[in-house]
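Just need the whole structure built from these sequences, with the hints factored in.
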Amino acid sequence: MVRSTILASLAAAFAVLGASAMDQIPGRLLIEIEKGHDKQSFMKAVGGGVTTRTEHKYQLFNGLTVDLHDLDNAGEKAKEIAQMPFVKNTWTVRRVEAPDISNVKVIGTPKGRKMAARGNEAADTFSPHVMTQVDKLRAKGLTGDGYKIALVDTGIDYTHPDLGNGCFGRPHCIVSFGRDFVGDAFTGDNEPVPGKTPKDCGGHGTHLAGIVAAQKNALGFTGAAPGVKLGAYRIFGCSGTTTTDLVVAALNKAFEDGAHIIATTAEVRTGWASDVAAVVASRIVEQGVPVIASAGNDGDSGLFYAASPASAKGVIAVASYDSVMVPVMSYHSKYSIDGGSKVDFTHTPWELPWDPTGWDVSMPLYATSYDATIANDACDPLPVNTPDLSKYIVLVRRGTCIFAQKVHNVAAKGAKYILFYNNNVGTFEADVGDEGFNIKAAGMVTRQVGESWVKTLKARSSITLDVTGRGKAKFDVSYYNSNETGGAVSSYTSWGPTWSMDSKPQLGAPGGGIISTWAVAKGSYAVMSGTSAASPLVAAIIALVAQARGTLEPELITDLLSATAKPQLFNNGTHFFGKLAPAAQQGGGIVQAYDAAYTTSLLYPYSLSFNDTDHFATNLNFTISNKGKKSVTYKICHVPAMTMYTLEKNSVYPMAFPNEAVDSQATLSFSKDSVTLAPGERASISVCPKAPCCLDARRLPLWSGYITVSGTDGSALSLPYQGLVGSLRRATVLMPDQCWVTLSNDTTLAKSPKDSKFVVPAPGTFKDDDVVPTVYAKLALGSALIRVDIVPMTTPPPKDLTTEFMGVKTIGQPFEMPALFNQRGDFQQLWNGKLDSGRYAPAGKYKFVTRALKISGDARNEKDWDVASTESFYLEYKKK
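Numbering-wise, the sequence shown is residues -21 to -1, 1 to 859 according to mature numbering (1 follows the signal peptide of the UniProt record, and there is no 0).
Nothing false has been slipped in among the hints.
EDC-like mimics (lysine to aspartate or glutamate), calculated; alpha carbons at most 20 Å apart, straight line:
| # | residue 1 | residue 2 |
| --- | --- | --- |
| 1 | Lys119 | Asp103 |
| 2 | Lys826 | Asp734 |
| 3 | Lys757 | Glu627 |
| 4 | Lys23 | Asp46 |
| 5 | Lys746 | Glu855 |
| 6 | Lys292 | Asp481 |
| 7 | Lys628 | Glu639 |
| 8 | Lys545 | Glu463 |
Since the hints were derived computationally from the structure, they do not count as laboratory data.
Note that the structure is a prediction, hence the values are computed from the model and not measured.
Pasting the structure below:
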């Protein structure tokens, strides 16, 4: 869908006012100016009232970050700047959230073990590499040698033994280039103080670096491309957020420093390919440098939740798959029988959210049952004669019922420490729930260890356990087969498509349960899950494929990776289904590096989008090319994926994961069912879709699948497609009753009573922590433009302020409105009485009228706006 002309003009005029009003930095603009103009010419033309923060003099972006002095009149000043003849674009600078590391499990450094010498492994058995065929490329000696990969993230701890052992910034170093844009103390709300080197103080960027290029180590894994050189572009401090102008600077600097591939995990939740980071990323791709971005970790939000810059044209958005083999840490401790010599055993602890360091105790062992075959051990309340278990470490067989139920029953008898013993092979992290029950530590031992302990206790011998805490214990890494979700798209992966029905994500790689390097000061190694763990693996794979094929052309690389990827069955987080996961969740599928590197049969483009019913494409084409030395006959078929509803039944709101599936798929007809191509030939195939029948179009069902192309040369390619039944343009974005006034400090977003009185700071005295009224709107879907009119409820209305917009008397909008390119969900805008004109509303009675432009709507057409009005309220000012 193409945005209307009027919306494009509004974007030019109001881009300075940003998207979500809650994440923009007041008065701070990122301005792009024509080549040949610089800071001096801009300052001369603007005529004062502006301070330049940063000058961006890059090949692909020439501009400035500026602060406007007079916030009272910033709206008018911003519009004046946007209309200057040499100003190309303006954007409000926005905050960007730091990568989420809440699910990280820090392992620590192996005790008493020396790091192995650097070098390539003889055989690569690391599960993420086997799943993506990296092991096959490594077996051929491909390491990515000669390629430079830049990571725009939290920096890299280059003092890590696997990442340089302190070597940085020289050609022979693993981390051979990069820049720190912010310094340790930067939080997103203070001034960045660039450091001398981009050393990571958190761990996230170091984890990404290890996925790409970690050298051989004591834990038995390497990066996928250990021969590449890494660039560290640090845009986050040790805590807090960053800003979009820093993302832009880092992307541009990485490009100009000669990075062959750029990967970033910066994520702005919009669903629109419109913010400045997306624009810059697309420009870099156009220059021949692949840009890889995490698709996002908001899978529980369901369909249509793409993030930027992953949503940008040409940028490869990467989904995450759960690893087939999940790493398990087995920590060494000791036990003794009847006070005898101490014997080594291992256990896998569960890191309790309320006490991650609970172990490090010496206590006798108590078993809740002497029957080592019992199925329901501790599933029922323990017997009345059970002793006080606070004096013991309690041993419970895994068996049936959930761990939390067993913990509840054991804790009821005073237990503080619990060890489960498995009834299957190996150990894993036993999730005991998040309620606590006063438990200090929990873990699991193997079936063999547990059964031998039960046998000993049954014989009336005593056992004492000396369980060492994680920070002190030696440990081993083992792996268990994840039968429930291994190989499936991770449930946290954000779903596409974009609001313009662009296909996102394009493909995926293992990102669930990935062991890699971590900042040395924070523990050296960690297991992390997220699309930010999948995207650097794809970056590394691109280096390997480029080394094999001798090309880095972004469009070709995307087509190769997508066409040779393997779509996977849908998994709802507990089990697999019999149909493929939708293309909007996994793109082309899980990357197959070897096939991409050596296929001589090619498909173009990487996907087909037939759009929604209003804009339905009755036919699209794709091309098959034979780059081999022999003639090949290609058979063309298609395999439908699951069709899923976007919206809840009888609702305008999207469903949370997993979306409701419906047993109805599209049918496709092809201009040719097979084609024979001589070496060097290509053929264009026309595809005519027939949308699924008998669906509720009001719920916006998304249908998709895969066109399969099977060649007599052994090639097995696929091309994802998608379409939507129903009209995005006619879908409700904002319900009439889903807008009200709340307070800026009310996290519950409670609706204020009608005619509430709000006393706000005197004009010009507002501070960020002041409590003021807030207009809240619950957006059912994304909106490219939100307008909030302040409507006087008095007669007559203020004469010098009042105008009319679409039949409504208004004195203007809150300062920093309107808002462009909004994601669905909560929209909030504070109001301290200041208007978009820079003036202040007089004290009086008002209401807010909020308009949200429908998807692909025309801002000139009143019918293309959803409208909601708040309750009336009174505005008063404190006396100075």
